[in-house]
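Sequences and hints are given; from them, build the entire structure.
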Amino acid sequence: MSTDNTKQENKAGTGEVRIRVRDLKKTFGDLEVLKSISMEVHEGEVVVVIGPSGSGKSTFLRCLNRLENADSGVVEIDGTDINARGVNLNKVRENIGMVFQHFNLFNNLNVLDNMTLAPVQLSKCSKPEAADRAGKLLERVGLADKAGSYPHQLSGGQKQRVAIARALCMQPKIMLFDEPTSALDPEMVGEVLQVMKDLAADGMTMVVVTHEMGFAREVADRVVFMDGGYIVEEGTPEEVLLHPSEPRTIDFLNKVL
Amino acid sequence: MLRIITDYGGLLLVAMGRTLLLALLGLFFACIIGLIFGIMSVVHNRPCNIIAQVFVDAIRGVPMIVLAFFVYFGVPYLFNTIIGGFSVTLTALQAGTICLALNCGAYMSEIIRAGIQSVDIGQMEAARSLGLTYAMAMRRIILPQAIRTMIPSIINQFIITLKDTSILSVIGFPELVNTAKNVQANTFMSFQTWAIVGVMYLIVITILSRSAKRMERRLNVDR
Ligand SMILES: Nc1ncnc2c1ncn2[C@@H]1O[C@H](COP(=O)(O)OP(=O)(O)OP(=O)(O)O)[C@@H](O)[C@H]1O
Ligand SMILES: [Mg+2]
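Chains E and R supply the protein sequences, listed in that same order.
In terms of my numbering, the first sequence opens at residue 1 and continues consecutively.
In terms of my numbering, the second sequence opens at residue 1001 and continues consecutively.
None of these hints come from the bench; they were simulated from the model.
Glycine residues also receive a C-beta, built at the ideal position from the N, C-alpha and C atoms.
Among the clues, some could well be false.
As the list claims (entries may be wrong) - Short, incomplete list of chain R residues facing chain E, as computed with Cβ under 7 angstroms: (1) 1118; (2) 1122; (3) 1125; (4) 1129; (5) 1136; (6) 1138; (7) 1144; (8) 1145.
So this is what it looks like as structure tokens:
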């Protein structure tokens, strides 16, 4: 992995732009959560977003697949402006997997059906094909024996691994993670991070909101520190985590490390 | 007492059958109405929300006996006389079914709305994030989960509707209460007649709520 030294353009030469965000703004009532966010994520890049609670990390991530509607600004996924009128949002979302803090597995479906529902409903593949793909993914996340289990029969770590596998079953080009390990007991954090590391090693384009600084250091190509509705600082993990230049970043890192 | 049972027992049983028929018809259409308005009240669409809210408020704000007179006498009068040129007639069964369906439908819509809203918002978000449409997510993920929490209220509403059929005796549908009035008029044995009718309702409703309880338990087991 080559590390370019200009902050913005990490790995810029190695892949095309998958996500382009320009001057993104989002308010909830009077609360300005995102004031102006601009960012590019390239093919195969892993971007870790850190920042204090309430700084808008989740909101930012949710604007990337329009679970949240931006007030203004541009979000382009593979060149498609997803805020444009007439855009087929469901088609866009098929290519963006999302993993939530609280797993959000479908409680009324077993693990296999959780994974195959979307690909089959959206005619991505036949039912047997989807089941076959799901089986392989479950093997990859170490849960081959859980295909018939229901969510309430799984531990937190297992649920989150299924949630990742469910997103992957759509064969997305981009994966978004919103604090995937924050709701887990400490002993289960490792198993989920391992799956994410494998995914990164396979070249998946990922945007990860997390408080796991170890993961950021080890896996991220770029770390983005958000605060007060802006990106305060970004760069390689070394730059941002070990040699931060902004006082607010230093302050935040002192608190979490 | 015995004389009423031997002489009028068959008649009362048939009337109970009509009561059940009316209730079932009303419930069937109430479920459809409830589902439509229930979903209309949760979709992200202001006009739909308002229409659903107005419907529910209107039905809840009018006593069913007034609704019954309105549908049975008022609506045909509107078409035949006020507007003119139509010949609309409603049988008592049709008018009764409409009344029950509207009345129960409004309450069902509230039950369904609450049931849908009781499902964690994360379920919908996860479904949409995979590219599923709102309708697919509703049908495959949200409604199946909502149904479980709705079942006790729905059963309760079914029982209320069964009892409400008695109100429709006023438009002359020969259900149990209407028939019992005739029995009382013929025999002058009001105590015995109404005691028997009361017990008949009691038996049917008890059977219903018992089997409902059993169904509820079974649904909770395989959860
Ligand atoms: N749907 C909403 N309606 C109103 N306010 C919201 C909504 N979603 C988020 N907010 C507010 O926006 C701000 C940013 O929220 P967000 O969840 O994006 O922060 P975050 O950085 O993800 O925080 P955390 O680390 O706690 O998850 C918070 O103050 C939150 O209360
Ligand atoms: Mg968050």
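Outcome of the hint check:
no. : hint : verdict
1   : 1118 : 12 angstroms, violated
2   : 1122 : 4 angstroms, holds
3   : 1125 : 6 angstroms, holds
4   : 1129 : 4 angstroms, holds
5   : 1136 : 5 angstroms, holds
6   : 1138 : 12 angstroms, violated
7   : 1144 : 5 angstroms, holds
8   : 1145 : 5 angstroms, holds
The structure shown violates the earlier hints numbered 1, 6.
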